[in-house]
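Trainee: Knowing the structure of chain D, use the given hints to seat chains E, S and X on it.
The listed protein sequences derive, respectively, from chains D, E, S and X.
Take the first sequence: its letter number 193 is residue 193 in the numbering used here, and every next letter is one higher.
Take the second sequence: its letter number 243 is residue 487 in the numbering used here, and every next letter is one higher.
Take the third sequence: its letter number 192 is residue 724 in the numbering used here, and every next letter is one higher.
Take the fourth sequence: its letter number 142 is residue 962 in the numbering used here, and every next letter is one higher.
These are calculated hints, taken from the structure and not from any lab test.
Everything numeric in this text was worked out from a predicted model, so none of it was measured.
Quick reminder that beta carbons are idealized off the backbone N, C-alpha and C, glycines included.
Hints may be right or wrong, so weigh each one.
As the list claims (entries may be wrong) - Coverage of chain S stretches by chain D, computed from C-beta distances (three or more under 8 Å per stretch; other residues unrestricted):
1. 609-623
2. 639-647
Said to hold, decoys possible - The following residues of chain E were derived to be distant from chain S, with all beta-carbon distances above 10 Å:
3. Ala275
4. Ala361
5. Glu372
Unchecked claim - Coverage of chain E stretches by chain S, computed from C-beta distances (three or more under 8 Å per stretch; other residues unrestricted):
6. 387-394
7. 408-420
8. 482-496
9. 508-515
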Amino acid sequence: MRIDSAAYASRWRDVAPAAKAQFALAGALAAWIAQGHAMLACIAAAQVAVTLLGARVSPRTYLATAMPPLGFLLVSCLNMLAAPAADGTWHWASASLPAIARTALRSAAVLASLLGLVLTTPLPHLLALLRDLHVPELLLDLMALCYRTVFVLRQAWDEGVTAQSARLGYGDWRRAWRSTGLLAGQMAVQVWERAGALQAAAAARADDGRLRFLPTAFPHARRDQAMALAAGAVLLALAIGEHL
Amino acid sequence: MTAVPQLELRAVEHLFADGSAGLRGCSLVLAPGRRHALLGANGAGKTTVLQHLNGLLRPTAGQVLRGGRPVDYGRAGLAALRREVGLVFQNPDRQLFAALVEEDVSFGPINLGLDAATVRARVKAALEAVGMEGHARHPLHHLSFGQKKRVCIAGVLAMEPDVLLLDEPMAGLDAPMQAELVRLIERLVARGVTVLLSTHDIDFAYAWADDIHLMAAGRCIGSGPAPAIASQADVLHAAGQRQPLALALHASLAAHGLLQADATPRSVEAVLDGLRALPTSHIRRMSR
Amino acid sequence: MTAVPQLELRAVEHLFADGSAGLRGCSLVLAPGRRHALLGANGAGKTTVLQHLNGLLRPTAGQVLRGGRPVDYGRAGLAALRREVGLVFQNPDRQLFAALVEEDVSFGPINLGLDAATVRARVKAALEAVGMEGHARHPLHHLSFGQKKRVCIAGVLAMEPDVLLLDEPMAGLDAPMQAELVRLIERLVARGVTVLLSTHDIDFAYAWADDIHLMAAGRCIGSGPAPAIASQADVLHAAGQRQPLALALHASLAAHGLLQADATPRSVEAVLDGLRALPTSHIRRMSR
Amino acid sequence: MHIMEGFLPPAHALGWTVVAVPILACGVRALERNLRTHPERRMLLGVAAAFAFLLSALKLPSVTGSCSHPTGVGLGALLFGPSAMVPVGFVVLLFQALLLAHGGITTLGANVVSMAVVGPVVSYGAFRAAAAAGLSRTTAVFVAAFLGDLATYVTTSAQLAWAFPDAAGGFTTSFLKFAGIFALTQVPIAASEGLLTVLVVNAMARF
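Extracted from the complex, chain D is given alone in its bound form:
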């Protein structure tokens, strides 16, 4: 949950989530519009720079978060570059290199936009934004419950693994699988118990079937959004300007 910790520690934690989402959206749109490799690289670099320098997200965290998707990108691009010939041999399809490079740079730019958003915005703020965007209440309910429960279950899981380790449950991979299976089974049963307990607790607080909470207030929402719109407009203008 590196992203979650980074979001709460971020300097921009209390900036209106709508503003940060607008800037991320502008980055993604600009990356879709832009054609040139240099322009795509610029957009990616701008998003990374804003996240690292503006919101002061630690570069280590950033890199660790970006590694798995970049791994996917590397494998996929190498895969697209390798081409079979009619005689069954493989060669590098150097002709498609520019197109693949564009795909890679575009992915990196959109990824950087998303990371800029999620590394600076606690998930509850994003859920509040989704509520403003009229996402169905049922989905919002599931998300709110899911978010809270993930941390409770994760703690329970970690404690379970620790307790099993104390009884030598992870000595080799056979034992590890057996222990993992036992623990996952026990926790799957807990899903019902915990849901029942939460249901009772909600009922005790006059639950009427919907999970409604006080929306978090962001005092500088207007100012934040104006700045995000301006910054986003610059990115879009650069991308559009390339076509003119």
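Mentor: Coordinates of chains E, S and X only, in the frame set by chain D:
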């Protein structure tokens, strides 16, 4: 506040879905504005009583009365009961479901249909009451166990109940945290809130409560002012409890003429204070 | 049993992954065959110490020694350590995984690679040791909290450890269950098992332990025989603890000449027994 | 298997979103109807979503020594039915994008189709077919979870091949390339998922 008991169980029986008996003819009266302790061993039925008082469970037989009238288990009746009678469960991780502290605390007041400004004011006041106002926008998973416990209480206080039910509130808290929680409860009692807390610790119940309600094996076997209950050795024995240490000590010291028989200290600490207040010259040194 | 300390922490530091300090230069020696209490407030680092002694956590700096030699954190070394040093966690629901009692108890012995007959014998012996032999084939989720706690202990005993670590074993147990657990631990101590239990209750620690190890804010601030630790008011204060009530009461009563100064009762009950044993005629009635 | 953020060309990203939205809307509608008769299922599915997310975020021991990421939706489909898994799977995928940077927002539509629709439907169908064929529960559960995972990965490979056809061999060649390269990780993951699901279902059956 009236002389009518605020809440009452009248010969309540409860059978669980699996056929086991939760309560067997339990009668219990909560006088308003007092500190009530529900005392019993693990499994005696304390939680089941609390859940009846808040309308989460319905009696299989018998009645729950609020202000002298039987509880209405319709939607509106239950909502009214739960607004007036707040219940805090034992385990915070099984009752908090929102992401942020202030969101969770706002759940009850929003369900009451209050407008946003009132909800915000109530959340603020409730968090101040439990000393968590600095954590309003923190996520719950960053809090310690004791802090989560306080958020649970705030979530109920924000509904401004007249009666607060606390299920084993001291479990898992160390001595300073317990003292802090007792102070918080005292402030609520001073405001006129009726408090009922369940516990299996007779020394704590005797030190804190005005009234003690004793439970054993699903039965409510005794109710009354703490000193009266604590002096009934047979009833205590039936509930698997011994006499409070403070009472036993005081009786013994009074028998030896060291402390006055008519003072009844509520805790061993109070006995100790009584002893320390004595001038040593009053007593003849015991010959070795 | 030798004079070499069975287990030892030597200037152990521990930093958690999030950068917070769990232990700050903690040194601790467990002499074999004794009852050890690890006393401290919530968050003082008691669980962190226990997890170091069992090899679940590794020191960031400093050393853990077993039989005078540094612990080997290789697979075989850890297996040997955990076989010899059993750890029972606080919450039964976090350490019981199987559906039936005997399955859960067999988890450790099976992981030790023992043959089926030996595992069966160990499970039987462990369940007998905790008085649960009649529940071997019962489903775990039908047991009471106290019974689950005993199954947790059986699961560790089945690995036949020389040292038993218990994390807050009394938490959540009512008085009769606590007394039962103390009797069980006594039987283990009588067999030569070294027991270390963590607690935040100084009265319990003083009543039960041979040696008390005091912790505060990740530091091990004092170790020694229970009476010696309990009489050091400054060290106790630093750990956020008061003096044991039994000691304070006894001192006060001895000052008043009521009890002999050289007897040191370990519990308030013992003080009470001492008072009850006194003929009342020894004392001049206090004038009203 | 998640398609990373931004990888699909705009037309494909939008196209899959347009496909996913009505399916999600139907899933939400169906679940809302279900909740009217079983209101307690709201909490249950929220907690179940958290459990599925947790399983996907954990590093599980794998036969090959690497770490695997099961999706848990196969299990969910067996327990709650495939239609409930559309909204639940959507929540899990969104959380994976927002909390783990697995997948993304622009690729959410494509990932929902492969992981919250195709995977659960195949799992559920495979379980029904295996049970009807008289296989033991263990085998049926393994086959269901394993095939659900495989179907997800085959769908993802097809989505990628459609977006990026091979210059010479077109869709088919590209599909075989993507399916081939990701088989290295996805087949062990599907086996892990099948095994874990069997262990979980067997453990649950005993409680």
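Trainee: Compare the structure with each hint and give your call.
Mentor: The hints, checked one at a time:
{"no.": "1", "hint": "609-623", "in the structure": "holds (count 7)"}
{"no.": "2", "hint": "639-647", "in the structure": "holds (count 4)"}
{"no.": "3", "hint": "Ala275", "in the structure": "26 Å, holds"}
{"no.": "4", "hint": "Ala361", "in the structure": "37 Å, holds"}
{"no.": "5", "hint": "Glu372", "in the structure": "23 Å, holds"}
{"no.": "6", "hint": "387-394", "in the structure": "holds (count 3)"}
{"no.": "7", "hint": "408-420", "in the structure": "holds (count 6)"}
{"no.": "8", "hint": "482-496", "in the structure": "holds (count 7)"}
{"no.": "9", "hint": "508-515", "in the structure": "holds (count 3)"}
The structure agrees with every numbered hint stated previously.
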